[in-house]
Amino acid sequence: MAEEPATIGDPVLRLSDVGKGFHGTTVLDGVSLDVPQGQFVALTGPSGAGKSTLLRLVNGMHLPDSGTVHTLGENPAACSRSRLRALRARVGFVFQQFGLVGRLSALENVLMGSLATLRLPRYGVMSYPRALRIRAVEHLDRVGLADRRFQRCDTLSGGQQQRVAVARTLLQSPELILADEPVASLDPAASALVLETLKRISVEDGISVVCSLHQIQLALATADRVVALRGGRLVLDEPAAGLTAERLREVYETAGTRDAQAGARDAQAGARDG
Amino acid sequence: MVDTTPVARAPAAADPGPLRPPWSARALIATGLLVAAVAVTWLTFWWIGLSPASLAAGLDDTARLLRRMWPPDLPGAGDVAGMVAETLLIAVAGTGLAALASVPLAFTAARTHRGPRWLRPAARVAVVLTRAVPTLAFAILFVRIFGLGPPAGALAVAVHSVGMIAKLLADVVEEADPVPAEAARACGAGEVQVAVSTVLPRVFPALTGIVLHRLDINIRASAVLGVVGAGGIGVALQTALGSLNYHRAAGIICVIVVLVLLLELLSVAVRRRTIRHLVRHGTIRRRAVRRRSRAGRSAGDPTGTAALPAGRAPHDVGWDRGRVLRVAGAVATGMVFLVSLWSLNPDPARLSGAWPNLRSVLTGMWPPAFSGHLLMAVLESLLMALGAAAVGAACGLVLALLTAVTTTPWRPLSAVVRVLLVVVRGVPDLVYALLFVAALGLGPFAGFLALWISSTALAAKFFADSLEQLDPLPHEALTSVGARRWQAFAAGIWPQFVPSFTGNGLFVADLALRESVVLGIAGAGGVGYLMQESIATLRYDTTAAIVIAIAVVVYAIETLARVARRHLL
Ligand SMILES: Nc1ncnc2c1ncn2[C@@H]1O[C@H](COP(=O)(O)OP(=O)(O)O)[C@@H](O)[C@H]1O
Ligand SMILES: [Mg+2]
Chain A
1 MAEEPATIGD
11 PVLRLSDVGK
21 GFHGTTVLDG
31 VSLDVPQGQF
41 VALTGPSGAG
51 KSTLLRLVNG
61 MHLPDSGTVH
71 TLGENPAACS
81 RSRLRALRAR
91 VGFVFQQFGL
101 VGRLSALENV
111 LMGSLATLRL
121 PRYGVMSYPR
131 ALRIRAVEHL
141 DRVGLADRRF
151 QRCDTLSGGQ
161 QQRVAVARTL
171 LQSPELILAD
181 EPVASLDPAA
191 SALVLETLKR
201 ISVEDGISVV
211 CSLHQIQLAL
221 ATADRVVALR
231 GGRLVLDEPA
241 AGLTAERLRE
251 VYETAGTRDA
261 QAGARDAQAG
271 ARDG
Chain B
1 MVDTTPVARA
11 PAAADPGPLR
21 PPWSARALIA
31 TGLLVAAVAV
41 TWLTFWWIGL
51 SPASLAAGLD
61 DTARLLRRMW
71 PPDLPGAGDV
81 AGMVAETLLI
91 AVAGTGLAAL
101 ASVPLAFTAA
111 RTHRGPRWLR
121 PAARVAVVLT
131 RAVPTLAFAI
141 LFVRIFGLGP
151 PAGALAVAVH
161 SVGMIAKLLA
171 DVVEEADPVP
181 AEAARACGAG
191 EVQVAVSTVL
201 PRVFPALTGI
211 VLHRLDINIR
221 ASAVLGVVGA
231 GGIGVALQTA
241 LGSLNYHRAA
251 GIICVIVVLV
261 LLLELLSVAV
271 RRRTIRHLVR
281 HGTIRRRAVR
291 RRSRAGRSAG
301 DPTGTAALPA
311 GRAPHDVGWD
321 RGRVLRVAGA
331 VATGMVFLVS
341 LWSLNPDPAR
351 LSGAWPNLRS
361 VLTGMWPPAF
371 SGHLLMAVLE
381 SLLMALGAAA
391 VGAACGLVLA
401 LLTAVTTTPW
411 RPLSAVVRVL
421 LVVVRGVPDL
431 VYALLFVAAL
441 GLGPFAGFLA
451 LWISSTALAA
461 KFFADSLEQL
471 DPLPHEALTS
481 VGARRWQAFA
491 AGIWPQFVPS
501 FTGNGLFVAD
511 LALRESVVLG
521 IAGAGGVGYL
531 MQESIATLRY
541 DTTAAIVIAI
551 AVVVYAIETL
561 ARVARRHLL
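If you read the protein sequences in the order shown, they are chains A and B. Residue 14 in our numbering is what sits at position 14 of the first sequence, and the numbering runs on without skipping anything. Residue 330 in our numbering is what sits at position 330 of the second sequence, and the numbering runs on without skipping anything.
Just chain B, same shape as in the assembly (with noise of 0.2 Å):
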């Protein structure tokens, strides 16, 4: 029944020219994507022996060990309070120390940098060595190097992030208008002035914003810290589990989850904020300061120093409420920086003891030990990673169109995916994998169960969040063309999404890889069991050895994300 009416004449056909579209590189990579990502699901179903008949037990066993767990047996107020600041004080001083270590080497590490030319490749590659490496692998080792306790962790915190926010705030750092500086050199200002006093300023609202979203990660990294001995709530849970004694281990569970529900609505309050912030300030202040300026001018005042408030000086800054809360801010945050310093409290003796692990660690890791053992747990490690997101990524588009606004059947039914979701989020992966393994035994089956809940969560997150700022405007004309429902999604909201679908998909890939790396620890598969016995057996070489292959697994991926990203865009 097509095209039955006869008012539209259609033109007098002579040839109609190719009616096929050519192939593009966007459509080759983006068929080249999803063949790689059913063969690499198939592969770690192979690997992991995975069936219904396994999952249904696993479920079964699962099901089990909750019962076990309930109910949960909180521990006393006053641990609870103790336990979580100390993890917060992890974070705090790790991220502290991360963000002032983290300038000179954004500086450096950026294009931007004009420096002695071997400078910037030797902070490209500790960018990238410390970005690459998890938080935990780093706890691993400098417990070793530095006791068990807070100390390490919070250094293992700070090492990771360093790299992090470098690598955020060089790119802010390129992408500075080169004017100014070129104006302080000309007048004869030296590099490092040039960075202090033209681009520093202009990047630090974006050092904050990166600074505060990186402590909200390390919060949560600070929560399972404790399982490998390096402080903060984790180490309760450690103790728990270890103890077969569930319900307490369900009890610290808890208390993890209310924590980062808490920063989760305390990071969205502070991002409303500063978004009224920029608002204000960005447009309505700077209007009324053109308009000012402007009155001041006219009146014959060329200057324009009329416009100040009256009673100040033209040399001096003086105080009006936004600077008093800028001082007062900043001064706060130096405070409460130093008191988490403080209150890691390094026992100077244990310190002194540390210079000569580091060296044996250091002179160990020399030459790095490959062996093909090594390269299979490393190899085991990826496709746990790779198919948990793949996986992940097809389950949490479903839930994402549930939720989005755009696209969900029903709005009460968005509302309950979205809470159920934000909770399943606050879990962290090593706690899932510690649970699937206490419940299915060790092996990479319980790994990739945790990555893939973590792995589907997180990506029906991204997912709902871009569907929701697409255009509707296709899917409206569609409508109007009188296209079904399916149809109208098909040609007017999908080809929209599959950029951010195949970014955030390989996104969700490239944080489940670097989770996947450390599962190990708990038993859970893949390389970070090898990478923790290394150093219980004093076998540096092996450690560096897994350390380099997980930094090229997880520099790969990464660089074959942004790739991609670029050329579907």
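Extracted from the complex, chain A is given alone in its bound form (with noise of 0.2 Å):
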């Protein structure tokens, strides 16, 4: 539904002076970022920075107040709400609480990323065309849970679940892929098994990923880029070769501009991660 096809070197994702707020609050405040196809972004900083807003704001979930938003050559704020609909189809989203429902298998959980490619509403493994069928069991595959597929989510562990969530991105085919702090609520070897899932996506199918994380040694040695934000500006935008934890905590460490209760939930946040 794209007004033209992307061609290799255009950006999948170009935020232009974005800026937003909520009830008078500043939340992201002249953020410009282009995101090229086939990179992995890890978006850092600390909470409250506004990286889910950021995030929330590529999708069409949010819009913005000011600047411009194109993803994948569609403005959101511009869109019917039948062709954001169409455009949300083509974004995958991952969230921190995975966003499954328990009750339901991990094979009817992925099913459901082929929706918009439907028309009825669907309840049930069943309601869904066999074709979908077999290509949800092949994402559950890629994602190493083929044989949990009639599983109930809710007994699935923690990294599990995300797993399911990813192959359920998976089967809408997207051109980009927003991760929310997909980690945030796993063990470390949870994290870097659903991280290294998602680099492999992004590195086998050259999709591009913009994934917000917190922890530092993880984003270095996942991400292609990193990029910080503090306050909702852009204070930091390198490639992840290179770049030192050193380098990336004075980031986190730096007194704001505008908001010291930020670096107080800051501190507390890195206290939980340690």
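Take the hints with a grain of salt, since some may be wrong.
Unchecked claim - So, partial list: chain A residues that the calculated Cβ filter (under 10 Å) puts toward chain B:
#1 R90
#2 M112
#3 L115
Calculated directly from the structure, the hints in this document are not laboratory data. Note that CB positions come from ideal geometry on N, CA and C, so glycine has one too.
Work from the hints to combine the two standalone chains into their complex.
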């Protein structure tokens, strides 16, 4: 549904001088960012820096107050409802809390990724076409969970649930994946596995990934590029190669220009991660 | 237009393995319940002869009756105050008696009971029987034994509530941590001592909550006890309807609705207060105590007594604001209860006359006289209740989707429907039944309509409450997948909602059944009419059979609901 097919080199995502606030407070302030195809971008910054807000601007769950957002060549703010739905179908979104229906099987949750291509409401694995079920199993296989297809999601571990959520996103055949702290509620081993899965998909399929992350080490180990937000401003944007943990930590520790509370929250969050 | 984008390469397909989920007990039960609901609804429609034409005619007759009731004629303020006071006193006296009696009964019926072996089954039978027989059925019986008036009503409230309170309390007792009881036993305490000093203190907060909730229910129940002559505001309603004074009947219904609405407001306020109380005392205070005692100990005071307020000896509990309030509250509650007992003022002469009545009723009950006629009447009650609950659940679902903040298409509509539902729930089922009988004549059609209305309102409330408690994230995730509104609902919300939909639906059926067996008192079909008639004609053996049949059917439906709920979760 794009106006024209994205050619290699065109940015998949372009934010130009974007500002966003809620009830009078500024959350994002003059953020500009281009993400080319196939790049894995780690979005870091203390809690409250505006990471989630930025990601939600990209798929039109929030609309910017100023500046423009271009996602896969579309401007979500100018989209009609059905056009926005079509855009969202091309953008995968991975949530910190997975967003799975716990009572349903892994397979059914993955199948929900195809809803935008279907017309009627669906309930039950058998209400989806067989071709989609085959593809859903393939994607479960890709995240290493094909043998769990009929297991209820609330009986899976956190890391397994997040991989089911990734498989659901894959069924969308996304051209861009947004992940909002996908490993913040997982233990270190599960975190590494989920990020590795995302990274493999990004490399194999050439999909861009923008992933907000709290853990500095994981960000440096996984991403091609690291972007840091602080108090709603972009304060760092560098290739991951050559970036040191010390330099990135500085961003967390430098006193913010406007938000002293964020510093306190940041310290708490740091303590939780440690 | 499936998957036109080439970006995500699907891996080479080998054998994908099974693509059809195995049948689960859960799916079978859910499907079975759905089929059963449809079948029962169809059977009910056939039984009562419901058709679009009869429904339209019924609505017409009802509208005519409502026009005849307008404008409502309110009784004088003094009369209203007297009737409302009597209603409240019946409920307070009955609930208080039940609370006192239910504590030993609950301890005996609990799985943790350690007394004589035969005592527990006996207690359980008492609980099941008193729970299953509705207050109004007891009221008919007690009016016969003790004569017309509020004492019979209070006693009916008490007997039914004993089972209700004891059941819930027994669950709490069973869940209480067994270690303190073990410790007390190890110190050589007797079983009653163990219960009183280790279990009772821990179940007391739960008991308070259960009793307050029951009081709320009992005030609503007391408002209609007068229909069978057991006192309260229902007497005036019965008199007005009996003398075809529809304006006055409308006025009294208005009083009942206002009373119930005030009660609703009060119970919401009380619930808010208790939650705030729990937050304040459950977390903040405990933390403060820990901090205080740690401070005391660290300063070379191993017992931590220095943490107690100055001037209080370690062995003296002392008075603080909380204790004053607690004791004052307990004394006030006790006083209100005593006043309510005293005000019922049972006439001694009448009480002595009750003994022979009681003896003749009890001896007349054996052996119970079952008959095909009776069983058909029970079946009619069952069909009325289940059909009304099924249709009510369907209508309630639509209303709940309109009211729940997470699903409503338009906020102001949600508020309007919500207020409307509270008002509709404010009118007791029996009042609806009386009105429909006045409008449409005797028979199960009137009872079905009454139960349909109340089931719809009840189901809508339960469904809306649980819809709002669901996890909103799957819905959001599906919106970000690009799903349509209904797709996101069907895949993200509905699967989460199925257990509470089924559970609440079955609960509505359970409540409808308990109402359905007494609607016959108003002539609205079912077994209630036979019950009243059997007592009036002194055929107590029939009464006993009816009570047993009611208890069995209610218990069966309740058990079915519980089993289904457990398997669906
Ligand atoms: N929907 C909203 N309404 C009001 N304030 C919001 C909303 N979403 C986010 N905020 C505020 O915006 C700030 C940034 O939030 P967020 O983007 O979630 O930060 P991060 O994801 O980096 O922790 C926070 O102060 C938060 O309170
Ligand atoms: Mg966030």
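For each hint, the structure was consulted:
1. R90: At 7 Å from the nearest chain B Cβ, R90 of chain A passes the 10 Å test, so the hint holds.
2. M112: 5 Å, holds
3. L115: 4 Å, holds
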